[in-house]
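Engineer: Sequence:
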Amino acid sequence: MSSLRRLRKQLVEDLDGFPIPQPFSIPALIRAMEGQLDRRILLRPMPPELTAPGSACGLRVKMANGASLVLFPLRSTQYHQEHVILHELVHEWFDHGGTISPVEFQRMTPHVGTNLIRRFTRDIPIAARTTYESEQELATEVCANIIRDLAARQNRATDDLVGRLEASLSHPFARRKRRKNQ
215 MSSLRRLRKQ
225 LVEDLDGFPI
235 PQPFSIPALI
245 RAMEGQLDRR
255 ILLRPMPPEL
265 TAPGSACGLR
275 VKMANGASLV
285 LFPLRSTQYH
295 QEHVILHELV
305 HEWFDHGGTI
315 SPVEFQRMTP
325 HVGTNLIRRF
335 TRDIPIAART
345 TYESEQELAT
355 EVCANIIRDL
365 AARQNRATDD
375 LVGRLEASLS
385 HPFARRKRRK
395 NQ
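According to this note's numbering, the sequence shown is numbered sequentially starting from 215.
Incorrect hints may appear among the rest.
Only pairs whose alpha carbons sit at most 20 Å apart, straight line, appear in this in silico EDC-like list of lysine to aspartate or glutamate [stated by the list, open to error]:
#, residue 1, residue 2
1, LYS276, GLU306
2, LYS223, GLU351
3, LYS276, GLU248
In case anyone wonders, no lab produced these hints; they're calculated from the structure.
Use the sequences and the hints to build the structure in full.
Structural biologist: Structure (structure tokens):
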């Protein structure tokens, strides 16, 4: 078994208990997570000045009042926005660290003034990533994909006519079977 397959299998087990709502939506997922984590999660679009090339795709800020702020890129496809949000929510679920310094935050957000960054980051942990080089980042990225897959399966599993039609049109053909002599 490949290492990525092993990682995915382990992460599916780790996500046992992750509250995937049915039908799936980001707002419903956030409500379910807030209920289980007993803290508020605020979802907001990133200010345009934070979305320069090479800057973070998403940010998670643990605020002093116990809430978490998840920022996502507004000028992106809906699929990418949802993926970034899921990625940040996985960090929230597992309470991953990743606090960055004001200097690192300035490097990732060059269009934001230094004084504003100092004021914004003074006593607040910020988790932001621009690459997926660490094991934690790779695992978080895979978890975001797993959640999307599980949510799609749940939504397809509905027994109503629309659900069955969607399931049949999404995967109209079975996998090709290999011949034994090949």
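Engineer: State for each hint whether it applies.
Structural biologist: Hints and how they fare:
no. : hint              : in the structure
1   : LYS276 <-> GLU306 : holds (9 Å)
2   : LYS223 <-> GLU351 : holds (16 Å)
3   : LYS276 <-> GLU248 : holds (14 Å)
Hint violations for this structure: none, all hints satisfied.
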